[in-house]
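J.: Here's the letter readout for the chains.
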Amino acid sequence: DAGVIQSPRHEVTEMGQEVTLRCKPISGHDYLFWYRQTMMRGLELLIYFNNNVPIDDSGMPEDRFSAKMPNASFSTLKIQPSEPRDSAVYFCASSLGAKNIQYFGAGTRLSVL
Amino acid sequence: GNSVTQMEGPVTLSEEAFLTINCTYTATGYPSLFWYVQYPGEGLQLLLKATKADDKGSNKGFEATYRKETTSFHLEKGSVQVSDSAVYFCALRPYNNNDMRFGAGTRLTVKP
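Protein chains in written order, with this note's numbering: chain A, 1 to 113; chain B, 114 to 225.
Only chain A is shown next, with the shape it has when bound in the complex:
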């Protein structure tokens, strides 16, 4: 398996623009997690899904952020409108079962100018 695949690897956009980050989990995994990594706050869980259903979105910073998982092999994290303070590395991870190892993608480095 190719592992968790995220795209794009890098995204540079201007303030106010819509940004969409994409994730393909490992085939067969039933949990998908979105994290944000910044120097100030470290690695934070934003939201996670089980069988395509959002279970806990309490980490989503505000209404500008939304995440979807239309099927078992694809998820998106959207920021609209984007702001400079959203600049961070966003990671997607997946696992088979709630208590098993989470496998991380390589991340998307987002820069909002």
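Simulated from the structure, these hints should not be mistaken for lab results.
You may find that some hints are simply not true.
[To be verified] Within a straight-line C-alpha distance of at most 20 Å, the following computed SDA-like cross-link-like pairs (lysine to any residue) qualify:
id, chain 1, residue 1, chain 2, residue 2
1, A, K24, A, Q37
2, A, K99, B, N211
3, A, K99, B, S127
4, B, K181, B, A140
5, A, K24, A, G42
6, B, K162, A, A98
7, B, K173, B, S127
8, A, K99, B, A140
9, A, K99, B, S145
10, A, K99, B, A166
11, B, K165, B, D197
12, A, K99, B, G142
13, A, K99, B, P207
14, B, K169, A, I101
15, A, K99, A, V53
16, A, K99, B, T164
17, A, K99, B, Y143
18, A, K24, A, A106
19, B, K165, A, N100
20, A, K68, B, V200
21, A, K24, B, Q158
[Stated by the list, open to error] Partial chain A-side listing against chain B, Cβ under 7 Å, derived:
id, residue
22, F91
23, A98
24, I101
25, F104
26, A106
27, G107
It should be emphasised that the depicted structure is a prediction, and the values quoted were computed from it without experimental measurement.
Yeah, the Cβ is synthetic: ideal placement off N, Cα and C, and Gly gets one too.
Keeping the supplied structure of chain A fixed, place chain B upon it in accordance with the hints.
T.: Just chain B, lined up with the frame of chain A:
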């Protein structure tokens, strides 16, 4: 609440030196504890884990023991290599939910 505090870096060592990265946690109940490693330009990879008190996780020469009495999970390696240069994250998963909590990360640089 649940949280992880780990030793601030950066840490610079010579090859074959002994490594310790301290990690302590605060949690209710009995969390599972993890060490993840992040190589440049890559995502986090699980290095080792322990799910109950006194368990020792080990992998690639790294070890960490789950110490309930001191709420610690320190990472050790007897002889580091240049290829161990990376950022190391201590993490916990509470016993009753999937909200993983990560430490701030410790950057390790090993010089030849």
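J.: Please verify whether K24(A) and Q37(A) have alpha carbons no more than 20 Å apart.
T.: 19 Å, holds
J.: For the pair supplied as a hint, K99(A) and Y143(B), confirm whether the alpha-carbon distance does not exceed 20 Å.
T.: 13 Å, holds
J.: Please work out if K99(A) and P207(B) have their alpha carbons no farther apart than 20 Å.
T.: Holds, because 10 Å separates the two Cα atoms, which is no more than 20 Å.
J.: Please verify whether K24(A) and Q158(B) have alpha carbons no more than 20 Å apart.
T.: Holds - the C-alpha atoms of Q158(B) and K24(A) are around 17 Å apart, at most 20 Å.
J.: Given the hinted pair K99(A) and S127(B), is their alpha-carbon gap at most 20 Å?
T.: 37 Å, violated
J.: Does the alpha-carbon distance linking K68(A) and V200(B) stay inside the 20 Å limit?
T.: 30 Å, violated
J.: Check the hint pairing K162(B) with A98(A) against an upper bound of 20 Å on the C-alpha distance.
T.: 15 Å, holds
J.: Would you check whether I101(A) satisfies its interface hint, that is, whether its CB is within less than 7 Å of any CB in chain B?
T.: Given a least distance of 5 Å, the restraint on I101(A) holds.
J.: Are the Cα positions of K99(A) and S145(B) separated by 20 Å at most?
T.: The hint holds at about 9 Å.
J.: If you draw a straight line from the CA of K99(A) to the CA of A140(B), is it 20 Å or shorter?
T.: At roughly 17 Å apart (the allowed maximum being 20 Å), A140(B) and K99(A) satisfy the hint.
J.: Please verify whether K165(B) and D197(B) have alpha carbons no more than 20 Å apart.
T.: Not OK: K165(B) and D197(B) at ~27 Å, beyond 20 Å, violated.
J.: Quick one, are K99(A) and G142(B) close enough, alpha carbons at most 20 Å?
T.: Holds, because 15 Å separates the two Cα atoms, which is no more than 20 Å.
Hint compliance for this structure: hints 3, 5, 11, 20 are not met, and every other hint is.
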